[in-house]
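Listed here are the chains, written in short residue letters.
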Amino acid sequence: QQPVQSPQAVILREGEDAVINCSSSKALYSVHWYRQKHGEAPVFLMILLKGGEQKGHEKISASFNEKKQQSSLYLTASQLSYSGTYFCGTQEGGNTGKLIFGQGTTLQVKP
Amino acid sequence: KAGVTQTPRYLIKTRGQQVTLSCSPISGHRSVSWYQQTPGQGLQFLFEYFSETQRNKGNFPGRFSGRQFSNSRSEMNVSTLELGDSALYLCASSLMPGPNEQFFGPGTRLTVL
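In order, the protein sequences belong to chains G and D. Mapping to this note's numbering: the first sequence position 53 is 53, numbers consecutive. Mapping to this note's numbering: the second sequence position 51 is 51, numbers consecutive.
Keep in mind that a hint or two might mislead.
[As the list claims (entries may be wrong)] For the chain G half of the interface with chain D, some residues (derived, Cβ under 8 Å), not all of them:
id : residue
1  : Q1
2  : V19
3  : S23
4  : K26
5  : A27
6  : S30
7  : I47
8  : G51
9  : Y74
10 : G97
11 : L99
12 : Q103
[To be verified] Here are the simulated lysine-lysine pairs, DSS-like style, with alpha carbons at most 25 Å apart:
id : chain 1 : residue 1 : chain 2 : residue 2
13 : G       : K110      : G       : K50
14 : D       : K13       : G       : K55
15 : D       : K13       : G       : K59
Quick caveat, the hints were computed from the structure, so don't treat them as lab data. Just so it is clear, the structure is predicted and the values come from calculations on it, not from any experiment. Glycine included, each C-beta is placed from N, C-alpha and C at the ideal position.
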């Protein structure tokens, strides 16, 4: 089942912060975050594994609540380059590449 | 290091035809996944291949099929095309299956008329 992302869209001014949430009804092994700009392929941001391990960019932070099967992506001091659609992708097993993506959150950063 | 390449980049077909899309993963990557992206349904998982074996298949009809070759290159085939198959088809590669970064290709934009 597809994870649910919130909000669906957000508009920020440069320098403002945003939080994007991802919630699943299934037990998760990991949560992945990707950003896609218009006309481009999704680009990897971060992976959060159950147990607390994280892999990803230094300037991006995220959390994963294993009990609630929820993840949040924190975008601080936003820049114009942060604009795009953010997707969370969930994995239920540790031995698969299959990702089930949320519907996406569109972020627009204005000067 | 070259990224994931997909060919062709654009394709126009008519209903009832079939199509084959190709994906070349990053050198050394052995896991390939395919996704369909549409405005209405978002990013949907199609298949996952590793070592020439299909490990997972998404909820798509049997008209959608794929395979992986010994050099890790992958193809997907859609037979008897329908208007609803119009989409961006994305291929992603990673070193191995599991919680690893997936590198996406630029996609193939398929339009079915």
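Each hint, compared with the structure:
About 11 Å separates the beta-carbon of Q1 (chain G) from the nearest beta-carbon of chain D, more than 8 Å, and the hint is not met. Checking V19 (chain G) against chain D: minimum C-beta separation of about 20 Å lies over 8 Å; hint violated. Interface hint at S23 (chain G): violated, since its Cβ lies 15 Å from the closest Cβ of chain D, which is beyond the 8 Å cut-off. At a threshold of 8 Å, the smallest CB-CB gap from K26 (chain G) to chain D is about 14 Å, leaving the interface hint violated.
Checking A27 (chain G) against chain D by beta carbon gives a least distance of about 14 Å; that is not within 8 Å, so the hint is violated. A least Cβ separation of about 4 Å between S30 (chain G) and chain D falls short of the 8 Å threshold, and the interface hint therefore holds. Interface restraint check for I47 (chain G): the shortest CB-CB distance to chain D comes to about 5 Å, inside 8 Å, so the restraint holds. About 11 Å separates the beta-carbon of G51 (chain G) from the nearest beta-carbon of chain D, more than 8 Å, and the hint is not met.
Given the 8 Å rule on beta carbons, the hint for Y74 (chain G) is violated: about 19 Å separates it from the nearest Cβ of chain D. For the restraint placing G97 (chain G) at the interface with chain D, the shortest Cβ-Cβ distance is roughly 4 Å, inside the 8 Å limit, so the hint holds. Taken as an interface hint, L99 (chain G) checks out: its beta carbon lies about 6 Å from the nearest beta carbon of chain D, inside 8 Å. Hint status for Q103 (chain G) relative to chain D: holds, with the closest Cβ pair at about 5 Å, below 8 Å.
Restraint check for K110 (chain G) and K50 (chain G): not satisfied, since their Cα atoms lie roughly 35 Å apart, outside the 25 Å limit. A C-alpha spacing of about 41 Å is found between K13 (chain D) and K55 (chain G), which places the hinted pair above 25 Å, so the restraint is violated. Restraint check: the Cα-Cα separation between K13 (chain D) and K59 (chain G) comes to about 43 Å, which exceeds 25 Å; the hinted pair is violated.
Of the hints listed earlier, those the structure fails to meet are numbers 1, 2, 3, 4, 5, 8, 9, 13, 14, 15, in rising order.
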